[in-house]
Amino acid sequence: QKEVEQDPGPLSVPEGAIVSLNCTYSNSAFQYFMWYRQYSRKGPELLMYTYSSGNKEDGRFTAQVDKSSKYISLFIRDSQPSDSATYLCAMSVNSGGSNYKLTFGKGTLLTVNP
Amino acid sequence: SAVISQKPSRDICQRGTSLTIQCQVDSQVTMMFWYRQQPGQSLTLIATANQGSEATYESGFVIDKFPISRPNLTFSTLTVSNMSPEDSSIYLCSENSGSETQYFGPGTRLLVL
Numbered sequence: 001q002k003e004v005e006q007d008p009g010p011l012s013v014p015e016g017a018i019v020s021l022n023c024t025y026s027n028s029a030f031q032y033f034m035w036y037r038q039y040s041r042k043g044p045e046l047l048m049y050t051y052s053s054g055n056k057e058d059g060r061f062t063a064q065v066d067k068s069s070k071y072i073s074l075f076i077r078d079s080q081p082s083d084s085a086t087y088l089c090a091m092s093v094n095s096g097g098s099n100y101k102l103t104f105g106k107g108t109l110l111t112v113n114p
Numbered sequence: 115s116a117v118i119s120q121k122p123s124r125d126i127c128q129r130g131t132s133l134t135i136q137c138q139v140d141s142q143v144t145m146m147f148w149y150r151q152q153p154g155q156s157l158t159l160i161a162t163a164n165q166g167s168e169a170t171y172e173s174g175f176v177i178d179k180f181p182i183s184r185p186n187l188t189f190s191t192l193t194v195s196n197m198s199p200e201d202s203s204i205y206l207c208s209e210n211s212g213s214e215t216q217y218f219g220p221g222t223r224l225l226v227l
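Protein chains in written order, with this note's numbering: chain A, 1 to 114; chain B, 115 to 227.
One chain only, chain B, in its complex shape (with noise of 0.2 Å):
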């Protein structure tokens, strides 16, 4: 498996501010994907992002509110847009190298006061 790395690892933020979070893979991959994790809930699916295509969202995810980019085979971005304290939760990339299971990355810990 690739070896993820994300920044920030953790931020406190304004509402109605915006963060990106950066998701770096140190092989090429095809397919990474953006998770949230609130406490008490599962580990849910925002996007799933291919290199050259747009991002396909999950249901009850809109780009507006978390644009993603995928410049790359071994980079993406997510951005909390116009955040509000509800999106303070774990964000979370990972890749699934081509196979049936999915590599985590560290998570992003983001606090909106």
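For reference, chain A alone in the conformation it holds in the complex (with noise of 0.2 Å):
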């Protein structure tokens, strides 16, 4: 079983719609939790980071996390073809000092229509 699961999709939908990305997890160890985009081309940028569990929203951008079950989710509301891009969470653990080690899912790419 991999360290973190994420269903890479394709995820195509019109835009305007919600969308609801998840990651599930294996290991209880993990503190960190982040979502990255990438856009074709381009290195992954941070969207969004937290470590508790719950919510944290972002303007139109909603991080959840149940730690209890192992799971996390990005909710894209009103969805813009600009969100088009690759998705990818991330989950971190210290390993010593400043050094914090990420595990990241394949990644969702998801295709907004205009």
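Hints are computed from structural coordinates only; laboratory data are not their basis. The reader is advised that the hints may include incorrect statements.
[Unchecked claim] So the derived list for chain B, only partly shown, Cβ under 10 Å to chain A, looks like this: (1) Arg124; (2) Ser141; (3) Thr144; (4) Gln165; (5) Thr170; (6) Gly219.
[What the hints assert, rightly or not] In silico PhoX-like pairs for lysine-lysine, Cα to Cα no more than 25 Å straight-line: (7) Lys56/A with Lys67/A; (8) Lys179/B with Lys67/A; (9) Lys121/B with Lys42/A; (10) Lys67/A with Lys42/A.
In this text, a Cβ means the ideal position worked out from N, Cα and C, and glycines have one as well.
Put the complex together from the two separate chains, hints included.
Encoded structure:
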């Protein structure tokens, strides 16, 4: 079993839809939870970051963590064509000092159609 | 977060040759990381590079194949040695500014023929 599981999609939605992206994990040692957005031919860009169970909202984006179920989600409201990208979940654990080792999901390819 | 640049942005290489990828950060950072992103696969950590010490490699990656230099707090290089088509991938560097998250460069797209 991989440490982090993420459905690679692809996921195609109409503009304005609510998008739900999800990851599950098996390592209960993970302390920090992130979502990255990666546009085609670009590096991953940090989108959301949280460390506790519950919801964190930033504009149209909401990150949700459920540590008891080992499940994280990213919700995108009023999705726009500019949201079309690959979304990567990532989780980190402290490996000593300031070294936090990240483990990534495979990424979900999202297309928002105008 | 620091701004990270990588050179080259892409390259096409012949098998058996080596390529050195450069990663430049616009501020001093303690820890830099090198990742490989293969199609359909998760971003995979190759090694962690601290200035003034040997890089720490993850399971499945060895120094002879992926030598890393970290001469100062703003620069690192990753060499992909004796390349084969299986090395075709995107190579990314990142830094963590001492925090729990990481910030990535734009990546180097490598195709080995």
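Results of checking the hints against the structure:
Of the supplied interface hints, the one on Arg124/B holds, with its beta-carbon coming within about 9 Å of a beta-carbon of chain A, less than 10 Å. With its C-beta approaching chain A no nearer than about 15 Å, Ser141/B sits outside the 10 Å limit, and its interface hint is violated. Given hint, Thr144/B at the interface with chain A, holds; its Cβ is 6 Å from that chain's nearest Cβ, closer than 10 Å. Because the closest C-beta pair between Gln165/B and chain A is about 13 Å apart, greater than 10 Å, the hint is violated.
Residue-level restraint check for Thr170/B holds (minimum Cβ-Cβ distance to chain A is 9 Å; threshold 10 Å). Here the hint on Gly219/B is kept, as its CB sits about 5 Å from the closest CB of chain A, short of 10 Å. Between the alpha carbons of Lys56/A and Lys67/A the distance comes to roughly 14 Å, so the proposed pair stays at or under 25 Å and holds. For the proposed pair Lys179/B and Lys67/A, the alpha carbon gap of about 38 Å is over 25 Å, so the pair is violated.
Distance restraint check for Lys121/B and Lys42/A: the Cα-Cα separation of roughly 13 Å lies within the 25 Å cut-off, and the hinted pair is therefore satisfied. Distance restraint check for Lys67/A and Lys42/A: the Cα-Cα separation of roughly 31 Å exceeds the 25 Å cut-off, and the hinted pair is therefore not satisfied.
In summary, the structure is inconsistent with hints 2, 4, 8 and 10 from the numbered list given earlier, while agreeing with the others.
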